[in-house]
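So you can see what is in the structure, the chains are spelled out below.
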Amino acid sequence: MSDTPLLDELEKGPWPSFVKEIKMAAKNSAMSQDLLDLLEKSYRDKIGYWKHGGIVGVMGYGGGVIGRYVAIPEQYPNVRHFHTIRVNQPAGWYYSTDALRAICDMWDEHGSGLTNMHGSTGDLVLLGTTTEELEPIFDELIKLEFDIGGSGSDVRTPSCCLGKSRCEWACFDTMEVCHKITMQYQDELHRPAFPYKWKFKFSGCPNDCVAAIARADISFIGTWRDDIQQDDAAVAEYAKTLNILRDVVERCPSRCMEWNGDKLTIDNDNCVHCMHCINAMPKALAPGKDRGCSILMGAKAPIIEGAMLSSMMIPFVKIDEEEDYEAVCEIVEEIWDIWSDEGKNRERIGEFIERVGKSNFLEAIGLEPIPEMVAHPRDNPYIFFEQEED
Amino acid sequence: MSDTPLLDELEKGPWPSFVKEIKMAAKNSAMSQDLLDLLEKSYRDKIGYWKHGGIVGVMGYGGGVIGRYVAIPEQYPNVRHFHTIRVNQPAGWYYSTDALRAICDMWDEHGSGLTNMHGSTGDLVLLGTTTEELEPIFDELIKLEFDIGGSGSDVRTPSCCLGKSRCEWACFDTMEVCHKITMQYQDELHRPAFPYKWKFKFSGCPNDCVAAIARADISFIGTWRDDIQQDDAAVAEYAKTLNILRDVVERCPSRCMEWNGDKLTIDNDNCVHCMHCINAMPKALAPGKDRGCSILMGAKAPIIEGAMLSSMMIPFVKIDEEEDYEAVCEIVEEIWDIWSDEGKNRERIGEFIERVGKSNFLEAIGLEPIPEMVAHPRDNPYIFFEQEED
Amino acid sequence: MSFERKTDFGPPHYSRFLPPAIKANYGKWKYHEIVKPGVLVHVSESGDKLFTVRGASGRLTATDKLRMFCDIADKHCDGFLRFTSRHNVEFMTTHEERVDDIIQALADIGHPVGGIGAAITSIVHTQGWVHCHSSATDASGVVKAVMDEVIEYFDGRKPIPGKLRIALACCLNMCGAVHCSDIAILGVHTRPPATDDTQVNKQCEIPNVVAACPTAAIRPSTLEDGTRTVEVDQERCMFCANCFTVCPAMPLNNPTTDGISLWVGGKVSNARSKPTFSKLAVPFIPNNPPRWPEVTSKIITMIEEWSKDALPFERMGEWIERIGWPAFFDRCEIEFTKQHIDDFKHAGLSYNRSAHLRRASYMD
Amino acid sequence: MSFERKTDFGPPHYSRFLPPAIKANYGKWKYHEIVKPGVLVHVSESGDKLFTVRGASGRLTATDKLRMFCDIADKHCDGFLRFTSRHNVEFMTTHEERVDDIIQALADIGHPVGGIGAAITSIVHTQGWVHCHSSATDASGVVKAVMDEVIEYFDGRKPIPGKLRIALACCLNMCGAVHCSDIAILGVHTRPPATDDTQVNKQCEIPNVVAACPTAAIRPSTLEDGTRTVEVDQERCMFCANCFTVCPAMPLNNPTTDGISLWVGGKVSNARSKPTFSKLAVPFIPNNPPRWPEVTSKIITMIEEWSKDALPFERMGEWIERIGWPAFFDRCEIEFTKQHIDDFKHAGLSYNRSAHLRRASYMD
Ligand code: SRM
Ligand code: SRM
Ligand code: SRM
Ligand code: SRM
Ligand code: SF4
Ligand code: SF4
Ligand code: SF4
Ligand code: SF4
Ligand code: SF4
Ligand code: SF4
Ligand code: SF4
Ligand code: SF4
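Protein chains in written order, with the working numbering: chain A, 1 to 390; chain B, 1 to 390; chain C, 1 to 364; chain D, 1 to 364.
Wrong hints could be hidden among the right ones.
Said to hold, decoys possible - Think about it this way: if two alpha-carbon atoms lie no more than 25 Å apart in a straight line, the pair counts; the simulated BS3-like pairs of lysine-lysine are: (1) Lys12(A) x Lys158(D); (2) Lys289(A) x Lys308(D); (3) Lys274(D) x Lys289(A); (4) Lys345(C) x Lys344(A); (5) Lys240(B) x Lys308(C); (6) Lys28(D) x Lys289(A); (7) Lys36(D) x Lys240(A); (8) Lys240(B) x Lys30(C); (9) Lys6(C) x Lys143(B); (10) Lys274(C) x Lys345(D); (11) Lys345(D) x Lys344(B); (12) Lys30(D) x Lys240(A); (13) Lys289(B) x Lys28(C); (14) Lys338(D) x Lys344(B); (15) Lys23(D) x Lys180(A); (16) Lys240(A) x Lys308(D); (17) Lys158(C) x Lys12(B); (18) Lys345(C) x Lys274(D); (19) Lys158(C) x Lys344(B); (20) Lys263(A) x Lys30(D); (21) Lys289(B) x Lys30(C); (22) Lys345(D) x Lys344(A); (23) Lys283(A) x Lys30(D); (24) Lys180(A) x Lys274(D); (25) Lys30(C) x Lys318(B); (26) Lys318(B) x Lys274(C); (27) Lys36(C) x Lys283(B); (28) Lys283(B) x Lys28(C); (29) Lys283(B) x Lys23(C); (30) Lys338(D) x Lys318(A); (31) Lys283(A) x Lys28(D); (32) Lys158(C) x Lys240(B); (33) Lys289(B) x Lys23(C); (34) Lys318(A) x Lys274(D); (35) Lys345(D) x Lys197(A); (36) Lys36(D) x Lys283(A).
As the list claims (entries may be wrong) - Take a look, some chain C residues computed to stay more than 10 Å from chain B by CB distance: (37) Glu97; (38) His131; (39) Asp225; (40) Thr245.
No wet-lab data here; the hints were simulated from the structure. Where is the CB? At the ideal position from N, CA and C, for every residue including glycine.
Between the sequences and the hints, there should be enough to build the whole structure, so can you do that?
Here you go:
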């Protein structure tokens, strides 16, 4: 009889089975074998058996390794240590098979042979190794020209949608900006010195395929400022199969489209750049040609003050242009200074902004308040009037 | 030259002038004359000259009189006292001229001759008298069969829209229920014993002509549960002058109407009872015949926790029926008990509900939670699971 | 209670005051129509018709004026009249031909007729300098100044798309439903209380004063001579005057720094959109009696912009939701400032947490 | 830094890993089409076409499997491949005829193809019992159990109205964008920490622990023998485990009281409606490994109800907004309980503050 009857159940069925993966790795790795057996025990007991990680890492880096230890090392000695290494993925998660095979070889030698492709922040996650292996692994990574990602109170590994590489809607060069930022802030990425974590995410358009607005402290979301590009012949083609009135025009959030059965008219001044009509008719409509991005800030998971989405800070900037890019970096650094000075321990920037007040925050970083920054103006009368000399 | 050049400006113009009213009263009342002069001074100095009121009242009553004293009595001795008496208005603000003239006569004799018809809670407000006159005034009021309204931490004078008396849409008898409640809670109205004020308001339908949802601790709003009454011939008549598609169908919040240019179809299961279509076509549509009211709770002005609107507690009750009326009163009394025991000083019921949590509040008063009570379920995961024995 | 005197007898039953036609048709009304500006007709299932004429009121009314109203009611309305929830006065008759007589009689005593249907009706308001110690502006005077300017929207000479409700409260206590008005006029103080340290302990209960402050700006303190008083953290005070409400020794009234803020887009009815709060439009306009011209002109601009663009029935807030707040500020030529961004308890929920943006000046 | 060793060199530049057709058409894509389930074609301004095949992934991947992916990429895709933001694997080719070969090759190693367009794609998830100390449930196992059941919505056999994103996080830290998913599976603890008083002061910084609690349930305390520790107010604890994150001596994991909650109606994209949070659907389902049948069946019900009624493109949350929350609970046969009513900081804003109501069972 199998030692892992419960997990074996999860080898069945059409979806790729993680149990098969662990078994595959277990063929060459005692560590993965212990993981398998431990996981079976978890399935039996309905509880995890991992202890809090201590601080482990590679020399010169303050983050990038998540320490992990089993709670019952006597029974599962091979996962006594089971640390994770976060390897900074290439922008857009493209790989050559050469590079990927090299990482596999390295990992079979020094680790469990198990990975996450990828972690939810975006890193290439190498799952399970020992403290002793950390330095050798990093030595190998240097040779492979792969650096380590972020963890702790630092810049976390930035990530982006594939943008211009394969998407016609990318309004800025997400992969290039993501890479540039990653390179520029290597020190901040590798040496935690902030009140808490800081995540950069870049999506090429408001579809937000990297969920930047939901999970980045600073979210770059592509947009445009001229008219939607429109090909009337292609619209007519869609009209044959698509209910343009019901499924496009009536679903436009700003109700700025008209369809007379023949001709589609967009009141571009009132378009809120939601992407819906473009998504519905990709051959007929496209974002304008004058493209850039909006910058929003403050998304985070619930702990402590409740989950937040990023909120609008800079409605439009042409970040692909060097000058604008640098101006944005200056603002980012300014924000880091203020947050580092005045942020509380474990206070994300979104929480910080709410605590000090968005207007005060804007003032501190030198941005003018504009109505685009709010869903609506305040509805309570508790206004702090500034007391200039009368 | 006039002594009141600034106020005289406000005698001009088409809108009824309060200055004229004060001058009218001043003809017979030294108190009103002082008020006029004092107000001119306020207009000049851009500041009010009233002091906090002390506790004044009539014997046996803990509220209903707002004490008011001028800050500079030497200059304006006739408004040294300038108290307000809140007289409980008849439901619906209907008067016979006899009753009204009698009040006028009494007020000319014992007060300033100035009134507010009415105060924003609903009372007939007699504006300006002295402490000495209070008892005589009440003696007169007794004769006129007008009682005093609420003030302080008590039940405030209930008020209602005119309901069935003149409106085809009234879904319950607002005036009768308002009167009944007022009579039933005379003690609570006249003797402040709550943590803070408690306001009852009754509107016969969701148009809410007495703004109950915005300013009553408990808001009764009429509604119906069968189908909207529809007269197709009358709809056709409206179609001649009204753009039914744009102005009715497309403005229905639940989008549950259809108009094919000829026939109007309402999906009554999805109607949210907003009243819009009925308002737009009063001759063609009317609330159903199976009528009752929703009960909502917690509205208040901003101080302290921010303004609140009332929120849904009981979606439907046929309050005109004695049994239901009594059940509602029982709930109200139950709520008063809990709030009196556990409410903080100056904590309105809306603030209390938010502080203890709406679910706990519901549990305490014995109501089952239902999704109609919320705009949406919680979006944060901070759930208090109850710890029954495992 | 040990009184001989009658107490707790309550208001007279309304049935004593209902006109005969209403008594007869109570609960039997079938539909209504707007006959002309300020005049309604209600038709009963029985076929009876009741005409209502709505007269303007400044609310603050002398007994002599009430007697004039009574004269009209005696002459045309069987001796009955009523007031509305927005303080107008209504005269009802079953005789259509009396309608114009009533209108004329009201005109004769200076009360125009209107406020029904898609119109501006009278301004719900409060006491101001006439009666309240707490007021940051006057009430009746501002109302008069505004209504004089918008009278044509009341009496029907200028039609508007839907109902437009204006309300005024003279301080943050917001007596009246100011917080849910199409346009709200709100008196604001803009300086912290001028605490009279010698009086606090005499006139007020210090723990109540401390608890009264929404932003926790107040804490107990002791003077050098041992007198107990309170100290206000000036940075945290947002001038709500709640401390003054519980403690007369902490006045906020000030001739130069008190004034008016304007709010827009609130509503109460459930028609179409849900009831909603008014939002800040103009943070501060200094008091400028007797006619507050800056206040009236801003209000007129907002009404005109709404009125020329809104769809039928569309309330101010519904219109703004449709065109977007940036367009509202732009069209009404109101500057968007720091103060517009909420910083109270639920502030974060008012931030724009989307990439939805209209094209606008920021794009240049 | 005093290291000889190279540091801070960053990730390799992506350009090293782009397939030639992408390099040539970078920024020049014109439009795309869905060729068939799991297959996209992008057409460039130059006329070039690039076919993408999206393969399912369980995310937890052995190196040997990665090598199999590499084999496919070497054979059909010039030696390049990529992963998506939801952890699927993508193979790109300019040769349309290779598409089926790729699909077959993926099938051979157990990876179905799909997840494009109006489809369910793979579940963003976290570590669970495989790696994290904090987890209230497993991650990979629940994901596998759910995806096995909904595979036909992934591979296109069952078409659905729009995109449907499922995500899983094994504790309230919510690694991954669980809080904005059409359906979110969230591991929850339901009992307070079992504080080990002898260890708190040794392993943790007490002020940090106290500050960590969102509901201020934790306060410092001292045992009789003088040991400093913390005390948890059981009434205020809502089991978020944030104390455990900062202090290992306060574990919450528990075999019988840990489990799963389900959330619905969140979204990230700005398409049509604004991004929004997921809302509570099912507060608690006990862990039932290996296949969590109660979880999968509830999810299937929700998908089916949405799928049969939603309009094209309409996301789960948009659909619920249209039909109303009462109808959602009713149709999905989910009981509405105390727990569904928010009681955290902004709770009041989630109450129904209107008289808008649909006809429903409450009416009887
Ligand atoms: C590995 C990963 C989950 C995964 O399986 O993919 C992960 C794993 C952990 N996260 Fe996370 N987080 C991961 C992405 C996220 C994300 C998603 C994202 O980055 O896009 C979030 C939500 C977004 C955000 O940042 O708010 C996230 C929100 C958290 C939080 C809550 C932070 C907050 O401010 O609310 C914590 C708690 C903490 O920081 O102490 C946390 C803490 C943790 C820790 C370190 C547990 C702890 O308390 O020490 C987990 C280690 C698990 C382990 O043993 O491996 N993790 N974590 C993800 C990182 C992989 C990578 O580098 O690519
Ligand atoms: C007379 C009246 C205004 C008017 O001109 O119509 C009025 C006048 C005062 N109100 Fe009011 N309130 C009046 C209706 C309201 C309303 C409207 C309503 O009842 O529909 C509200 C908003 C709804 C609500 O209750 O929240 C209202 C909310 C307040 C508040 C804030 C309460 C809160 O919980 O936020 C206060 C402050 C307080 O209670 O200390 C207040 C306090 C006061 C005081 C007693 C001032 C004070 O702090 O002591 C005012 C006395 C003024 C004076 O000198 O005459 N008044 N007050 C209204 C009562 C007349 C009547 O009985 O008919
Ligand atoms: C007389 C009065 C009730 C009373 O007991 O005194 C009343 C009477 C009527 N209201 Fe009202 N409403 C009255 C205050 C209100 C209020 C309360 C307020 O303004 O403080 C509201 C809520 C306002 C808000 O939403 O902010 C109100 C919102 C409505 C609505 C909804 C309009 C909308 O589109 O939002 C209607 C329907 C309509 O007119 O289309 C309505 C309709 C009506 C009808 C047509 C009902 C009927 O069938 O008789 C009545 C006459 C119409 C009119 O005045 O245009 N009544 N009505 C009040 C007159 C006040 C005044 O002197 O101007
Ligand atoms: C490959 C990927 C980006 C990447 O860099 O990896 C991607 C690629 C595309 N997305 Fe996406 N999206 C990807 C994750 C996302 C995400 C993020 C997520 O799910 O965590 C979102 C936000 C989801 C949300 O709102 O919760 C996302 C929301 C969209 C939308 C908006 C759909 C909507 O109606 O809300 C579109 C437009 C559409 O499909 O109509 C879109 C459209 C597209 C297009 C058509 C863009 C294009 O022209 O190439 C791409 C293929 C369509 C497809 O998969 O259906 N993509 N897309 C991601 C594939 C994930 C996967 O393996 O399934
Ligand atoms: S976010 Fe926009 S640009 Fe980026 S992949 Fe998605 S659809 Fe394309
Ligand atoms: S992008 Fe969105 S808002 Fe703009 S026209 Fe298209 S559907 Fe309307
Ligand atoms: S609330 Fe409804 S029932 Fe009452 S007067 Fe207004 S429209 Fe008529
Ligand atoms: S009452 Fe409102 S929700 Fe109901 S059908 Fe009419 S417009 Fe629609
Ligand atoms: S709003 Fe303020 S100033 Fe005006 S009457 Fe009410 S409490 Fe007094
Ligand atoms: S005015 Fe308001 S905020 Fe300022 S101290 Fe007084 S109570 Fe506090
Ligand atoms: S969600 Fe919680 S349990 Fe799961 S990986 Fe993140 S921190 Fe660990
Ligand atoms: S589990 Fe959360 S709520 Fe409970 S004590 Fe710990 S930090 Fe506080």
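inquiry  = If you test the structure against every hint from before, which numbers come out violated?
reply    = 2, 19, 24, 30, 38 and 40
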